Structures are given as C-alpha cells and as structure tokens.
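A.B. asks: Protein chains in written order, with the numbering used here: chain A, 1 to 687; chain B, 1001 to 1069.
There may be inaccurate statements among the hints.
[Claimed, not checked] Which residues of chain A face chain B? A partial, calculated answer using Cβ under 7 Å:
#, residue
1, Gly77
2, Val81
3, Asn84
4, Tyr86
5, Val87
6, Gly90
7, His91
8, Ala94
9, Phe212
10, Gly216
11, Trp273
12, Ala277
13, Thr284
14, Ala427
Derived from the structure by calculation, the hints contain no laboratory data.
All of these numbers come straight from a predicted model, not from anything done at the bench.
Note that the Cβ used here is the ideal one computed from N, Cα and C, for glycine as well.
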Amino acid sequence: MPFVRRHLPWLLVSVLGAFALAVIALGRGEAVSALWVVVAAVCVYLIAYRYYSLFLATKVMGLDPTRKTPAWTHNDGLDYVPTNKYVLYGHHFAAIAGAGPLVGPVLAAQMGYLPGLLWILAGVVFAGAVQDFIVLFISTRRDGRSLGDLVKQELGTVPGIIALFGAFMIMIIILAVLALIVVKALADSPWGTFTVGATIPVALFMGIYLRFIRPGRIGEVSIIGFVLLMLSILGGQWVHENPALAPWFTFDGKALTWMLIGYGFIASVLPVWLLLAPRDYLSTFLKIGTILALAIGILIVAPELKMPAMTKFAEGNGPVWSGNLFPFLFITIACGAVSGFHALISSGTTPKMLENEGHARFIGYGGMLAESFVAVMALVAASCIEPGIYFAMNSPAALVGSTPETVAQTLSTWGFVITPDVLIQTAKDVGENTILARAGGAPTLAVGMAHILHQVVGGQAMMAFWYHFAILFEALFILTAVDAGTRAGRFMLQDLLGTFVPALKRTDSLPANLIATGLCVAAWGYFLYQGVGDPLGGINTLWPLFGISNQMLAAVALMLGTVVLFRMKRGQYAWTTALPAVWLLACTLTAGWQKIFSADPKVGFLAHANKYADALAQGTLLAPAKTPEAMSRIVFNDRLDAALCALFIGVVLSVLVYSVKGVLDARAKSKPSASETPYQPMPEAAR
Amino acid sequence: MNAAQLAGEVQQAGRYLVQSLRLMVGVPDYGTYLRHMAATHPDQEPMDYEAFFRERQDARYGSRTGRCC
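Take the sequences, apply the hints, and build the full model.
C.D. replies: In structure tokens, the structure reads:
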C-alpha cells in the first residue's frame, strides 16, 4: 500500500503531462494555448526530477551526505562558504542563465514549435541536467576544481590543454555572436541605441556611488540604477520621436560594430568597480525579474500559439538558418537543452559553496531544469506572434527583399499571408523604423514579450515600451557578458602566451594587459565584422559555429563523466553519460562535416567560398559584395570558418580518443582509480 | 504553527532571499564571514564591510571563468 501511495500522485502528474503533450502534438489546424506547453514542460520536469535525478543521485553517483564538502574543508568565509541550498540554487541559476536559452529557441521556431519543444524537454532530462549535475559532483569531490583541471587530472595533461584551448575558441565565438545579436537589434534604431548607450553613464554613476559615496550598498544603488534605466527607455522614445535628435542615434550595422569593438576594449581595461560590476548588478537583477515577469505574463495571458506545430521548413532549407532538422536543430538549441558552458559554471564557484553533497542533485539537476523552462518560455514568446512577422524579422534581405511590399509578397508565396501594412504597423507599434531583417533572436523575442506583457500592464500604448524594455534587458546582459568574457579571455590568452613569452603572463603588467586584451577583442571583433557583412545574415554562419562548439564542450564534459564513472567502478551505470555524449558527438560531428563539405552553398562553407571564387574568376560580382576585394574577403572568411570547424572537430575527436583510453585503463584496474580527495566525515553539527 | 513562529519563518525566508540576490552578484553573507573569522581566526582582525565588499568584487571579475552564453 505505501508503494501505491508514494507513486500514485506522480502517476497522475505523468498522465497530465502526457495529455498536455498530446494536445500540443495532435491539435492540428486549431490554435493551441501556450498553457498546454507550460503544463507539459512542468510535468516532464517534475517526473524527471523525482525519478531520474534520484536514480542518478543514489545509484549512479552515490551521493554521500556524510562526506565533507570543500565548503567545509577549505571554509574561508569568502570563496569557500557552506551555503543554504536555496540560496545557492539562486546563485547557480543566475550564473547559468544568459542569452543562450533565449536566442536558440527563437531561431529554432522556424521549424514550428514542436521540434524545438521536444528537443528542449528530452535534451534537458537526459543530457543537459545530467551534465550539470555530474560535473558539479565530480568537482565537489575534487576541492571544487575547474573543468580544465578535472580533464587534466582524469584524462591527462594533453587533453586538458586541448580542452582549455577549445574553451578559449568557444569564448571568442560566443562573444562575436552575442555582439552580433546586439548589432542586429540596434541597427537603424535610435530608441534602442539611445537606451542601451545610456546604460554606460548610468553604470559609471553607480560604480562611483558604490565605491566612494555609499560603499557596498548594492540594493540601494541597484534601485537607483533601475529607475534611471526606466527613464532612459522613456528618453529613447523622446529621441525616436524627435527628428532633430534621432539621426544622432541612428547607425548601420558596420558603425555599431566599430563602436562595440571600441567599447569592448575600453570596458575590459577599466577597473572592474567602475563599469563592469555595477552593470552586472543591473543585468543580473533585471534578468531574474524579467524571467519571472515573463512566466507570470504567460500564465495570465495564456497566449495562443500562432506558429504551426511544424512548418514546411522542418524538412530543411529554412530562411533563418539552413540545414536539415538532424543535426542542425540539436545545435541551434544549445542552452536550454544541453550547454557545455555550464560545465565551466558547475566546476566554478558553485562546488565551493555546496553545504552538503546531497544538495548537488537539487542545484545541478534542478538548476538546469529551471534554465530549460526559460528556453520553453522563449519558444512560446516566438511562437505567439504572427508567423508572417516572425519570418519577416528573421529572413535575410537577400532571400525576401528589403521593402515591406517585397517581403510580404515573398512570405505569402511561402504560405505565411501578411500584408505590407501589418509589417509597417508592427514596426510603428514597437517604436522602430523597420522590423525587417532583424535575425538574431533578440528583436523577435522582444516583439513576443511585448505582445504578452502589454496585455498584462499598459495595453496597446505600452507595446513600444515593453519592446524596448526587452531589448534593453537582453542588450544589458549581453554587454556584461562581452565585457566579462573579454576579461576572462584575456586571462586565458595570457596563460597560453605566457608559456612562450613569460613577460606576458603577468596580469598586473599594463602592456601585457593591453596586448592580450587587444588580441582578444580583435579576435571576436573580426568574427563580428564578418557576421555583419555576411551575405546570409551572419547568424546563419556564426550561430552554427557557436552551437557546434558549445555542444562539443558538453560532449567533452559528458565524456569526462563517463571516464570518472568507470574509474569509480560504476561502469554499469556509465550509459547515463555515455549515451548523451554519443548523441552529441553524432550531432556535432555531422553538423561540423556538413558545414565544411556540404555541396549546398547555404550550408557548406567551402561550397559557398567556391561559389564566390568562381564568380570572381569570371569577373562577376555577387551581392552583397560591391567590389572584387569584398568578394575575396567573403571567400577568405568562408575558408576561415571551415578551418575553425575542422579545428573544433579535431579537439573533440582527440578528447574522445583520450576518454576511450581512460575507460580502458580504468577497466584494466581491479580497484577504483578516480582521484577524489580522501573521504572525511562531515562535522556532526552540519549533518 | 502559531503566529510568532510563522513570522519567524517569513523573516528567515526573506533573509535567504536577500542573501541569494547578493550572492548572485558575487557577494557572500558578511555575517557568515565575521562568524567564521571569530570562530577560526580570533587572532586576526576581520576586514570591515567595505574592504570585504571590494575584495569580493575584485575576486569575482578577476577570475578566469566567464559567464554563460
């Protein structure tokens, strides 16, 4: 009887979830309420957490609540502090949630909401949350070491260095693609440019306030900063409507690119307290607040999904990004389903604050479920706007034209009926000059969020405010990521270069700092510039590179988990990490191969390069290139991207070889060979 | 549960919320730090709040791990 009583409620949850999924998947022809998506997702999360994560915790990893964690062993009240599990959950979630789960699902919506939703749910349960959980576990048992160190320790020095180098390249691509999203959102938008630009003086003021006027009063200064941000949104509206001022804040993509590059360099050599820290406070709190607001908004408004469950682009050849569902859907949605970058967070600050090893399940697995829910909300927001508007915003001009008339006409031939007036009116509603060709996720998400939130607060008159609030919220934490990422990249680069020129290793030396920062900014700036001038819209090139590299890092983390399980003599459970690793390897290697060698110039870099090289040889120019030099630059960039793809494939394959060696080595030994810190019992008082 | 207990619980939840928000931006609980110093290093003078805040700020942004995508 107790068995029935214990499992019956969960049986009901799973029946409800299955019913919701059936409604979503089978409701052809009629609009489905977004609430069904929310119900299906929450039921899947509950069941997965209750059963699968418990299985991982007890059987696979064998979490030991009596074992002392690094927070107790190395307690210093600063980095290593035993922390309440709910407090730490908040910290961990804030560290893993970023732009990724918001952008990927929006781009994937071109196939309809169903493929993306299913991958988000299946991916998080069997891959993403497992990765975050096991890396947190492995790191906690090794004094909270970082992923690079863990790979070195368990697989060997060479794969450790390879993995570190891979992480550096991923960082560069992430920074470029994030910056590209900001450029796409702010191009030709005086309102957005003014508002985002105003965050710089606001942050500087906050920095000075926090350093000299009222040191350390985070709450107080964040409230002041928030009020100033809201004023800057209103100021942006004033600029937008003022014909004398608007031109001062209207820039094209190229100009914005140079500004961002300059900003990135200056921001990352300034002292952290002046600009980075205060903006980080704003962006973190705004991020958490906006995610909560969006969740509440979806529950209250219960918007209908206007996007079909599957569009004709589910078979491939979509305008937003090219390629087939397999493998490209699985690299387009990275964060939210599985994200390798989380392995860096799970082996960063969180393991140093874990109060009890038993909490790793709630924080590692549970934290990722919350991130996945953010991705589901982004998918809902993108799917509740008119499909015609979605495709008008996300298709490159080369494909659909650049005036409302031509765009509306092209989209109608695709079956997404829309009139030019609706496109013009929508732009007017959100306070923009145009909404065409704004691929990149942020503007689409902002339209979706404005669509939901204006029904809760403010009505039609507030539509433009909510749109720019959403743009501000995304731009703010993307800029923080660009700034913090450039700094982190600089340290990595100084470490790498320091092995050849020791003088460059000193992080306190100004010339070394400037050189490394300059190289770092030049690297991501190059890819950003390339993306802005890209004939296929930039996102089509950079997002797959980001997705491939990010998913490969996840595969590396899961391979590490597999080796550790074998070393712990728990090989019979290693399928929990090995299967998702194999799946990610299949997706990323196929995608990488196709990005290099596909004969379709929209997919394959080399085919695209050849198309332009052939035209160049015949003396013709292909749009958007206007000179032979521009043509050869496109050819060079394509070949560079192909080389980068090949490099990523090489990195992941070499880690695979070392992992197989590690597994064989572990199996040959009769005793456990994992290099954990020795067992120490938890202090009595802490149990 | 009586009213006083309930008020206590709400207060504790509020404290955790504030702690969590501060930890999100990299500032751990100062009271915990002071208790740690008093318990394990009674011979050393703990940093005052301002120094503690600056130390944590530098540590957060001086580290090699970036933020997530």
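A.B. asks: Hint by hint, note whether the structure agrees.
C.D. replies: Consistency of the hints with the structure:
no. : hint   : in the structure
1   : Gly77  : holds, 4 Å
2   : Val81  : holds, 5 Å
3   : Asn84  : holds, 6 Å
4   : Tyr86  : holds, 6 Å
5   : Val87  : holds, 4 Å
6   : Gly90  : holds, 3 Å
7   : His91  : holds, 4 Å
8   : Ala94  : holds, 4 Å
9   : Phe212 : violated, 10 Å
10  : Gly216 : holds, 4 Å
11  : Trp273 : holds, 6 Å
12  : Ala277 : holds, 5 Å
13  : Thr284 : holds, 5 Å
14  : Ala427 : violated, 29 Å
Hint compliance for this structure: hints 9, 14 are broken, all remaining hints hold.
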